[in-house]
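Colleague: As a plain string of letters, each chain reads:
Protein chains: 2
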Amino acid sequence: MTDVESVKHMKWWGWGVEGVAFHHADKPNFAPFVLKAVGLDLSKQAGSPPEFGDLKVPRTKALAPVRKALAAVVGEEQVIVDDEARVVHTYGKSIRDLMRIRAGILPRVPDAVVYPADEDEIAAVVALAAKKGWVLIPFGGGSNIAGSLEPQPDEPRVIISLDMGRLRLVLDIDEESGLARIQAGAQGPDLEAQLNDRGWTLGHFPDSFTHSTLGGWVATRSSGMQSDKYGDIADIARGLRMVRPEGVVVLRPLPSTSTGPSVREMIIGSEGRLGVITEVTVQVHRKPAQREVQAYFFPTFSAGIKAMQAINESDAKPSITRVSDARESGFSLATRKASKGISSVVTKGLMTVLEKRGWNLEELALSFIGFEGAPSHVAYQKRIVAKIVRQHGGLGVGTGPGALYDQKKFDTPYIRDFLLDRGAAADVSETAAPWSKLQGLYDNVIAAAEGAYASMGRKGWIMCHLSHSYHAGACLYFTFAFVTGDDPFAEYQLVKSAIQQAFIDNDGTLSHHHAVGVEHSPWMEQDISTEGVALMRGLFESADPYRILNPGKIID
Amino acid sequence: MTDVESVKHMKWWGWGVEGVAFHHADKPNFAPFVLKAVGLDLSKQAGSPPEFGDLKVPRTKALAPVRKALAAVVGEEQVIVDDEARVVHTYGKSIRDLMRIRAGILPRVPDAVVYPADEDEIAAVVALAAKKGWVLIPFGGGSNIAGSLEPQPDEPRVIISLDMGRLRLVLDIDEESGLARIQAGAQGPDLEAQLNDRGWTLGHFPDSFTHSTLGGWVATRSSGMQSDKYGDIADIARGLRMVRPEGVVVLRPLPSTSTGPSVREMIIGSEGRLGVITEVTVQVHRKPAQREVQAYFFPTFSAGIKAMQAINESDAKPSITRVSDARESGFSLATRKASKGISSVVTKGLMTVLEKRGWNLEELALSFIGFEGAPSHVAYQKRIVAKIVRQHGGLGVGTGPGALYDQKKFDTPYIRDFLLDRGAAADVSETAAPWSKLQGLYDNVIAAAEGAYASMGRKGWIMCHLSHSYHAGACLYFTFAFVTGDDPFAEYQLVKSAIQQAFIDNDGTLSHHHAVGVEHSPWMEQDISTEGVALMRGLFESADPYRILNPGKIID
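Residue numbers (the working numbering), protein chains in the order written: chain A, 1 to 556; chain B, 1 to 556.
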């Protein structure tokens with residue numbers, strides 16, 4: 001296996017690895033649920049992904065002299081111009097990306113994919129691109145869903161996809177400080193395994209974990225399911241190295257500093273527009289002695305949200321605070337395997353008890369709280385949380401559903417391909433807002449999506465969970481789906497835009513942790529103000545006057 | 001009293017309010033301590049601050065047309081050109097500032113001081129300055145010690161000091177979210193009183209608290225004595241408004257967001273170079289049910305540092321982690337009032353016990369840990385901390401010294417004027433570095449200062465405490481003093497430079513929370529790398545192409 005072959009990529013047409021797909025044979029409630037939710041009959045014959053041979057891939061502009069110049073830097077075997085590699089590096093994995101691939105929409109693909117071995121080679125590639133006027137798009141795991149990876153459709157210059165996959169080592173652990181220096185191309189499971197081998201964990205588990213990289217997390221301001229405890233990537237990333245045409249930005253790992261506007265925070269979220277992130281020094285932690293995810297039921301989503309805030313403010317400081325609205329709670333129960341989680345007998349008994357308590361089971365909200373630390377501390381946390389749950393009318397239901405959640409949390413993206421095979425589109429949008437705004441935001445986002453579905457005369461679905469809690473507010477994470485009609489792209493855009501606009505109009509941000517790319521950039525001025533965008537534009541234009549560094553992303 | 005007269009300023013020649021000064025009549029051990037430490041005999045006749053009449057204040061360049069144009073915006077009474085007001089607005093309160101004022105060194109002072117009433121007036125002043133090509137220097141409490149406020153000595157243009165003192169209201173508290181919208185000119189005690197009246201606290205208590213403003217804290221990336229719990233100002237400030245020549249940057253309060261390079265983190269620490277911060281939405285907290293500061297002794301500073309790390313990593317999560325080296329511990333004991341804190345009888349008994357335990361009392365390190373929350377949680381925290389203290393060979397000594405520390409923490413800056421009256425200079429320098437680097441950094445900073453003193457043939461003093469703990473490292477805060485000779489400025493520069501260079505050479509940052517100004521800017525390239533400075537320079541130049549916004553600060 002060559003170095004390049006050792007770099008793992010997802011399917012060119014969908015999420016995840018070949019041979020793995022969502023199925024519902026063991027989830028008896030799933031098909032009826034989908035029929036009711038979006039009117040899709042899963043018993044009907046499904047379509048299938050396209051054949052690669054059916055795609056019309058534009059010819060590469062990386063002619064022999066370009067390839068030769070690149071090969072002189074990274075070696076001939078590390079310069080790839082074949083169609084499948086170029087297509088794999090064209091998009092991320094947003095629903096629009098998946099739909100475009102299936103429809104063979106490829107207005108512009110990278111002309112060459114290069115696989116540098118180290119920072120020196122990256123520096124040489126960047127310098128070469130600057131000299132020649134080629135466009136550079138850094139590529140990590142390719143899991144982005146905001147359009148941060150795609151070439152501009154009308155780009156006349158040579159476009160190079162810089163695949164970071166060979167830079168995947170944990171280089172060094174400063175055990176005394178809890179700091180690990182890691183190459184930017186390391187994917188989640190790989191870097192976590194390297195850390196685990198030495199007794200450490202990063203504690204960063206975004207839903208994309210299995211197919212995303214450290215450099216990608218930093219470039220998009222990622223957040224993970226245990227970020228309540230471990231912090232978002234912006235907290236975790238203490239030191240950085242980023243290659244620019246004139247040299248390398250080196251930010252040494254520091255716990256905190258007052259050295260002017262934060263260059264660290266300029267690089268975090270920069271999506272390749274300031275340079276190529278090659279190395280990140282991150283906070284790492286000793287694996288906790290005990291870890292458990294407890295499930296709770298609340299009578300309503302509103303009660304659950306208020307409980308999450310109280311828990312976040314309490315002395316418990318859990319690792320996960322999560323609560324789903326009634327629809328998502330119903331969805332979770334529908335996607336359970338017949339034999340797992342709370343058995344249906346127990347569930348039925350429990351539901352009877354709740355009805356006797358006066359709960360409307362249509363409103364039930366499922367919550368997960370994570371606990372970590374010494375056993376005595378986990379016990380202390382659970383006592384505090386139990387009291388708050390009771391005060392908000394909730395009920396503990398044990399670790400069964402939580403264990404299930406833990407196991408399947410990274411499988412959800414596979415469902416999108418399953419649904420696309422059957423003519424339905426599913427996507428996610430997330431935001432963050434102050435606690436006082438969440439209920440209004442939630443109500444208006446649901447109404448906006450319903451309005452969009454109604455205007456199409458279509459039955460659509462939208463569900464939500466609170467995924468991260470902060471002192472000042474929380475992240476609300478929406479999932480939506482509908483059966484597509486004659487113009488899937490326009491229909492998708494209608495629903496997606498309605499949701500994004502409702503975020504902004506209700507004091508939320510356009511994205512809590514999925515970044516901006518091209519998907520969210522139309523809302524940037526509304527989010528951070530015209531003058532805020534002007535400051536950012538000044539930074540990009542001064543840092544990249546010839547627009548060779550992933551141009552067109554974040555702001556136009 | 002006019003609006004302008006209601007704005008409080010510190011003494012033009014020194015720290016704090018008129019009539020308040022450091023004295024040692026009730027601190028019997030202070031004079032012997034100072035004699036031993038720096039060879040200064042406090043029984044000798046002291047000098048005194050200069051008379052204002054002795055200063056040669058350069059004439060204002062704000063002639064009648066300038067004043068008239070400004071008056072048209074803010075009103076005639078709010079445009080001040082008298083010499084004392086201009087001198088008050090020339091410097092902050094660094095030791096170099098105090099020395100320059102005493103020596104009558106005033107190469108350039110602001111030509112006019114204006115006191116806008118609100119953001120609209122600020123916007124009009126900024127637009128006017130942009131049109132006319134005047135330089136604008138925003139002024140909060142004037143407590144800065146990094147040279148962030150001083151005009152460039154060779155500035156030929158009209159310089160306006162924009163005093164924020166009339167913008168001091170807590171405008172709104174979002175009680176459901178724990179967010180308060182506060183005008184940038186509000187000083188510490190004023191805003192804290194407004195919050196306390198409604199049951200809230202900001203929890204931000206820098207040493208400058210009594211004379212610094214919210215806008216100043218944000219503009220300099222401030223940190224306070226309880227930041228371990230409440231966060232640094234960069235964590236606390238969630239929403240911002242900043243006036244620029246073309247309009248206002250409006251960042252709505254958000255718990256977190258992934259909208260590209262953080263404009264919020266560009267404004268934090270910008271020291272006036274990007275615009276005028278007018279309003280900040282900050283995280284506020286309910287006042288804790290219980291709050292106490294416990295004191296501990298450790299056999300050595302090294303043991304104390306290791307204990308602080310273990311406490312920071314533990315589940316206790318205290319509000320303060322602080323430990324002083326042996327010298328500073330000795331200084332603290334020497335500045336005690338005869339009748340306060342641990343009485344000398346108790347101290348003597350305790351010291352005997354420690355000696356019997358085998359402690360070298362010359363190495364003793366005094367530590368303070370802060371606890372906050374429900375009484376049961378404070379008890380829980382204290383149990384965890386007590387165990388860690390024991391594991392590191394330390395000993396609890398109760399709340400007496402902690403209460404004393406709490407009372408006198410804001411009085412320390414007065415000592416500098418007291419010493420200047422007697423021919424000695426005292427200053428502070430602080431840094432942050434990973435845990436693994438702290439001991440080496442400490443040793444080398446002490447050696448660097450001693451080396452500087454030795455090269456002058458002078459007896460000098462340097463002491464240190466750890467003031468803030470993070471997962472990845474901590475802040476070390478150094479205080480140094482020496483009797484000045486023929487060329488106090490060169491002597492000071494020698495010592496200060498040796499310390500700063502040792503920070504950088506030992507993996508520390510040039511400042512943890514005092515910002516950059518002109519004092520620290522020579523080390524910026526060494527701290528954040530040449531390419532890091534290039535990114536920052538691009539931001540400043542694109543945001544302020546005519547260099548009217550506090551030019552020359554942070555980077556040249």
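Hint data in this document are derived by calculation from the structure and do not stem from the laboratory.
Some clues are possibly wrong.
Each computed DSS-like pair below joins lysine-lysine, with the alpha-carbon atoms no more than 27 Å apart [as the list claims (entries may be wrong)]:
#, chain 1, residue 1, chain 2, residue 2
1, A, K387, B, K229
2, B, K317, A, K382
3, A, K68, A, K8
4, A, K317, B, K387
5, A, K317, A, K36
6, B, K229, A, K287
7, A, K459, A, K382
Being a predicted model, the structure only gives us computed values, none of them experimental.
Colleague: Any of the earlier hints contradicted here, and which numbers?
Modeller: Result: hints 5, 7 break, sorted rising.
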